[in-house]
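Protein chains in written order, with full-length UniProt numbering: chain C, 1 to 682; chain X, 1 to 517.
Hint data in this document are derived by calculation from the structure and do not stem from the laboratory.
Check each hint, because a few of them may be wrong.
[To be verified] Listed next, the in silico PhoX-like pairs over lysine-lysine satisfying Cα-Cα at most 25 Å (straight line):
#, chain 1, residue 1, chain 2, residue 2
1, C, K574, C, K587
2, C, K219, C, K391
3, C, K588, C, K523
4, C, K587, X, K98
5, X, K206, C, K588
6, C, K574, C, K524
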Amino acid sequence: MLTKKLPPLNSFLSLVSRRASHVTRQQYDVIVVGGGHAGTEAAAAAARVGAKTLLVSQKIQTIGALSCNPSLGGVGKGQLVREVDALDGLCGRAGDWAGIHFSILNRSKGPAVWGPRAQLDRQRYREFIQSELLSTPRLTVLEGSVEELLVSETNPEQPGHHRVTGILLANGSHPVSASSVILTTGTFLSGSLFIGQSTSPGGRIGDAPSSSGLSHTLKERLGLRVGRLRTGTPPRILRDSVDFSLAVVQPPDGHPTPFSFLNTRTHCKPEEQLPCHLTYTTPGVERVVKDSLHLNCHIQEDAKGPRYCPSIESRVLRFPGRRHQVWLEPEGLTSDLLYPQGLSMTMPPDVQLSLIRQIPALHRAKIHTHGYGVQYDFVCPTQLSPALQVKNTQGLFLAGQINGTTGYEEAAAQGLWAGVNAARCALSMPTVSLSRTESYIGVLIDDLVSRGVTEPYRMFTSRAEFRTALRPDNADMRLTLKGFEEVGCVSTLRYQEAVRVRDSLQDAQATLQALSLSSNSWKKQLPDIQISEVKNTVMTGMEVLQYNNVSFEMLASAFPESLSRHMEFSQRLKIEAVYRPHCNLQKKEIERIQKEENLLLPHDMDYLSLPVSMSQEVREILDRVRPSTLGAATRLQGITPAAIVHLLNYVRSAELRERRKHRKQQKEEREEELCAAKASLP
Amino acid sequence: MIMLPSIYRGIWRAVHTLRKRGTPPCRFLSTCDGLPVGLADAETIFALSSGHGRCGVAVVRASGPASATALRCMAGLSRSLPPPRTALLRSITDSQSKEVLDRGLVFWFPAPHSFTGEDSVEFHIHGGPAVITAVLQALGSVPGMRPAEAGEFTRRAFQAGKLDLTEVEGLGDLIHAETEAQRRQALRQMSGELGHLYQDWTHKLKRCLAHVEAFIDFSEDELIEDGVLNQVDRWVCDLQAEMEQHLKDERRGERLRSGVQVVIAGATNAGKSSLLNTLCQRPAAIVSPIAGTTRDIVETALDIGGFPVLLSDTAGLRESQDLVEREGVRRARERVEQADLTLVVVDCAHLPSDAQQAAAFLQEHLRSVLPTQEQPETVFAADRFLLLLNKTDLLPEEQRQKLDRELRRVSGFPPVCLISCHTNEGLQDFLTVLHSSVKTLCGDPLSGAPTLTQARHRAHLQQCFAALAQYQRYRDIDLALAAEGVRLALTSLGRITGRVGAEEILDIIFKDFCIGK
Chain C
1 MLTKKLPPLN SFLSLVSRRA SHVTRQQYDV IVVGGGHAGT EAAAAAARVG
51 AKTLLVSQKI QTIGALSCNP SLGGVGKGQL VREVDALDGL CGRAGDWAGI
101 HFSILNRSKG PAVWGPRAQL DRQRYREFIQ SELLSTPRLT VLEGSVEELL
151 VSETNPEQPG HHRVTGILLA NGSHPVSASS VILTTGTFLS GSLFIGQSTS
201 PGGRIGDAPS SSGLSHTLKE RLGLRVGRLR TGTPPRILRD SVDFSLAVVQ
251 PPDGHPTPFS FLNTRTHCKP EEQLPCHLTY TTPGVERVVK DSLHLNCHIQ
301 EDAKGPRYCP SIESRVLRFP GRRHQVWLEP EGLTSDLLYP QGLSMTMPPD
351 VQLSLIRQIP ALHRAKIHTH GYGVQYDFVC PTQLSPALQV KNTQGLFLAG
401 QINGTTGYEE AAAQGLWAGV NAARCALSMP TVSLSRTESY IGVLIDDLVS
451 RGVTEPYRMF TSRAEFRTAL RPDNADMRLT LKGFEEVGCV STLRYQEAVR
501 VRDSLQDAQA TLQALSLSSN SWKKQLPDIQ ISEVKNTVMT GMEVLQYNNV
551 SFEMLASAFP ESLSRHMEFS QRLKIEAVYR PHCNLQKKEI ERIQKEENLL
601 LPHDMDYLSL PVSMSQEVRE ILDRVRPSTL GAATRLQGIT PAAIVHLLNY
651 VRSAELRERR KHRKQQKEER EEELCAAKAS LP
Chain X
1 MIMLPSIYRG IWRAVHTLRK RGTPPCRFLS TCDGLPVGLA DAETIFALSS
51 GHGRCGVAVV RASGPASATA LRCMAGLSRS LPPPRTALLR SITDSQSKEV
101 LDRGLVFWFP APHSFTGEDS VEFHIHGGPA VITAVLQALG SVPGMRPAEA
151 GEFTRRAFQA GKLDLTEVEG LGDLIHAETE AQRRQALRQM SGELGHLYQD
201 WTHKLKRCLA HVEAFIDFSE DELIEDGVLN QVDRWVCDLQ AEMEQHLKDE
251 RRGERLRSGV QVVIAGATNA GKSSLLNTLC QRPAAIVSPI AGTTRDIVET
301 ALDIGGFPVL LSDTAGLRES QDLVEREGVR RARERVEQAD LTLVVVDCAH
351 LPSDAQQAAA FLQEHLRSVL PTQEQPETVF AADRFLLLLN KTDLLPEEQR
401 QKLDRELRRV SGFPPVCLIS CHTNEGLQDF LTVLHSSVKT LCGDPLSGAP
451 TLTQARHRAH LQQCFAALAQ YQRYRDIDLA LAAEGVRLAL TSLGRITGRV
501 GAEEILDIIF KDFCIGK
């Protein structure tokens with residue numbers, strides 16, 4: 001995968017523009033609006049599923065751009081990247097191509113919470129994504145601005161009050177029609193930019209603001225509830241102006257671990273990797289923030305910002321008198337810019353300069369681009385189905401920041417899943433969903449559609465109840481096979497590789513399981529290991545591998561004939577051995593949740609007058625959110641356990657009534673037939 | 001996270017079975033299964049809330065949206081409702097016939113400040129059956145009113161979040177408390193004391209989990225020091241110690257709730273059944289001079305100084321060829337093994353006349369009554385036996401005093417009482433000894449930490465305790481698995497009182513740490 005050469009970018013652009021001229025006369029299955037992390041994954045996934053897909057972006061050059069930090073993955077986020085890759089998405093392979101500093105976070109805290117992460121070369125990342133899109137069959141890219149959504153009469157066979165049939169492009173050209181439209185407009189929905197006391201419309205510096213028509217259609221025509229969130233980005237600093245002697249070097253891992261299950265190595269050679277640097281804020285920073293508060297209108301606004309990625313202003317205001325970390329991250333192999341992670345700020349430009357100069361390593365730093373804040377509308381995601389489709393509008397899907405999330409990985413995961421479902425919808429296939437018991441993507445989507453957001457949503461490992469089963473190492477076993485067999489978004493090549501891995505792992509585990517010796521014999525084989533069993537019990541290889549300091553390599557050297565051929569998977573086998581007993585314990589709980597998730601609540605249930613004992617408050621919550629399953633209902637805030645019991649009883653007895661009615665009908669029909677038969681007798 | 005409906009279904013069912021099985025039987029949640037269908041919220045329920053039968057004052061309660069209407073038309077308050085929660089003396093009339101039914105106090109409890117969280121009214125009327133019936137009938141004729149199902153007021157209160165599960169259980173116990181000590185314990189539980197203890201632990205565990213999770217999710221890039229985990233270690237240790245203490249209550253609370261099991265055992269014809277009859281002051285068991293009269297277990301419930309006691313009389317222990325008697329003896333031995341307290345009854349007349357020999361004889365005898373696998377020393381030490389020397393009226397005074405002295409001198413004996421069921425001699429002393437034993441077994445419901453009252457709580461607490469051990473086992477090896485332990489502990493505790501979600505954990509993380517990168 002990494003040996004291929006990227007085609008030059010200008011050929012991509014010429015191809016796109018050539019297609020653009022006749023695009024508008026075409027009928028598409030899926031149109032994706034926006035070319036960020038959500039949009040590119042959505043377009044590629046829809047095309048992989050088999051839909052004729054159009055990607056519309058304001059600016060071709062910014063497709064696949066990293067608008068904020070030059071990094072991918074991390075704790076929780078790395079799991080999402082692995083899962084997107086397991087479903088044949090782009091970002092994992094793009095990360096391997098563009099990474100210039102790889103490290104696994106949480107290395108000492110257990111493989112379930114390892115966080116694969118990489119610093120990226122912005123240019124390489126963009127180039128990889130654009131080249132991938134170019135070589136994706138059934139996918140067309142168009143530069144243009146979307147003026148309006150086309151809304152028409154509904155298909156009466158499906159739920160919903162509206163139906164989206166396509167888009168209207170700006171500058172008066174013809175409408176482009178499609179069965180499904182995916183909006184991934186990021187921060188551009190009624191976005192405004194803030195620096196100091198000045199504000200201007202827009203979603204990102206350097207790009208035109210998006211049309212107000214789109215936002216109007218969503219709010220007024222489709223009646224979607226929206227909320228307002230804020231985020232920000234730090235100033236970019238000239239590398240030459242930084243005094244690195246005053247910062248702590250943070251080296252990358254000696255052996256970079258690729259994100260993608262298809263890659264065994266990264267594009268960047270281990271020795272070519274660049275370091276990061278760590279420095280700290282000083283009391284001077286706090287003083288500058290406090291002195292300039294009156295000049296900082298972003299920070300005074302009441303739109304909700306994230307608690308975990310706050311601006312430097314909110315950090316020093318909420319936790320005064322502390323030293324805060326600032327990471328200096330490279331923007332690329334050849335870039336002369338640095339990204340100061342932790343210094344997102346919105347004060348006037350001159351104050352920004354005096355603030356960063358309060359930091360030791362930045363005492364004579366120069367700013368290339370100033371930091372700024374963005375406020376934008378998001379659509380309350382409880383109005384979406386688990387397929388990320390707007391519940392009241394047929395054919396309309398939303399993914400990324402428009403749903404109130406933050407982060408590239410969260411956007412990519414939603415984009416992929418919206419793309420899959422938009423394509424399946426357009427091709428008249430049933431939509432698919434992922435359970436929170438099988439993936440972080442499932443956790444992400446379930447949290448969004450059943451709980452909604454109050455601040456920009458970011459993935460943490462603590463959000464996943466079954467974290468010990470949802471590990472970065474086994475994302476392929478959890479998703480690739482399903483992705484090919486049930487979803488249709490995985491290529492045959494990747495599927496075959498996953499099958500090979502599955503068979504080898506099963507084979508190796510069976511061999512380990514069959515390798516059963518008395519604990520005394522194990523002690524002889526592995527003299528350095530404290531086998532704790534006092535009695536002379538029989539232990540299998542799998543059980544011995546659970547021991548803290550037993551590695552698969554040790555077992556393989558003790559039993560070379562049977563085990564050495566499985567060395568390729570030594571790490572995965574070790575992890576599997578340690579976690580399997582715990583995962584087995586959770587199985588019951590997982591099955592229970594899946595059962596609840598399978599208990600569908602009718603879409604048109606009239607909660608307000610349901611003849612069960614339930615408080616008005618609970619009724620209103622259920623009526624507003626309309627959870628699609630009983631499982632989702634249990635996770636709603638404000639829903640009492642008693643209400644769930646009553647709801648369950650009601651749904652069960654409704655099913656029963658339905659079945660009885662059905663049986664009665666059948667009986668009546670049979671009787672009628674019998675009567676008719678009798679009557680026809682001579 | 002992680003509290004889910006089937007858990008509640010489980011609890012619900014558990015509460016049920018406990019209630020159905022336990023003494024005293026409880027009706028009050030017994031209609032929950034499958035009932036809610038067809039029961040609309042808009043309905044207003046009413047019921048006689050005080051006891052049935054003739055009494056000075058009876059209380060009739062109504063809850064639901066039509067309560068105010070009912071109050072208006074029955075208390076003649078056409079204009080305005082009375083001030084909330086204030087007694088008002090009114091004539092109570094039938095709204096249709098306009099006939100005055102009674103004169104009594106009315107109370108108005110507007111939502112949400114009422115027991116059920118809904119609009120409620122109370123009528124305190126005279127307790128004659130005719131008055132009650134008339135008022136109930138009048139209420140039933142108000143549109144939108146219907147009689148309440150058993151336990152429906154409480155269920156509405158639980159639903160409105162007015163009571164947590166331990167409080168509901170406590171309330172059930174309070175209504176059904178038969179002895180003074182039971183009442184005190186139930187009142188304590190209902191007022192939420194047990195719930196508060198568990199909630200306090202839940203809160204501590206949440207904090208532990210939040211700190212471990214913060215360390216997992218944020219420590220690499222943020223300023224979260226390793227010291228965080230040491231703090232968690234200390235909290236976990238403290239919690240374990242507290243829980244251990246709580247679990248080591250010798251089932252006192254449960255015993256008080258369901259009654260102390262006291263078993264009378266001994267050889268045939270020692271006077272066991274006579275003792276039972278004397279204690280319950282009625283001929284509950286057949287008494288005859290024929291050895292082996294009692295074959296099966298005879299049970300009776302007693303109130304010993306405010307504590308509930310379940311007294312069982314058993315077949316006399318002897319080898320027998322009779323099949324029925326052998327089964328009776330087997331049952332007797334089984335009872336002794338399960339008993340909280342065993343009264344070993346010995347016929348004085350069978351004792352050797354020499355006091356020292358008598359002591360040796362008794363020791364031997366006790367051993368034969370004891371559960372086979374237990375060592376006598378441990379059993380006597382645990383205050384689980386009382387030795388009763390019956391038929392003292394048949395013993396010469398001098399010999400009796402000698403025996404008494406000798407038995408007090410010899411160590412390793414359970415408390416001894418000399419009694420005569422025939423003359424009631426020594427019975428008062430015996431009752432005093434019995435009372436103090438029972439009191440020790442139940443604990444004082446008013447002092448010290450609240451005690452466990454239900455087997456359901458104990459099971460969840462034990463799971464919780466075990467899960468904390470998992471944290472310690474994996475603390476240095478695999479933090480994900482260590483966190484899993486705390487999470488499991490939290491789930492187990494949550495099953496007793498309420499739910500815990502991932503969002504709550506994140507809230508604590510963001511409150512305690514400056515997360516920012």
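Each hint tested on the structure:
1. C:K574 to C:K587: holds, 20 Å
2. C:K219 to C:K391: holds, 14 Å
3. C:K588 to C:K523: violated, 35 Å
4. C:K587 to X:K98: violated, 65 Å
5. X:K206 to C:K588: holds, 23 Å
6. C:K574 to C:K524: With a Cα-Cα distance of about 21 Å, the restraint between K574 (chain C) and K524 (chain C) holds, given a limit of 25 Å.
In summary, the numbered hints that this structure violates are 3 and 4.
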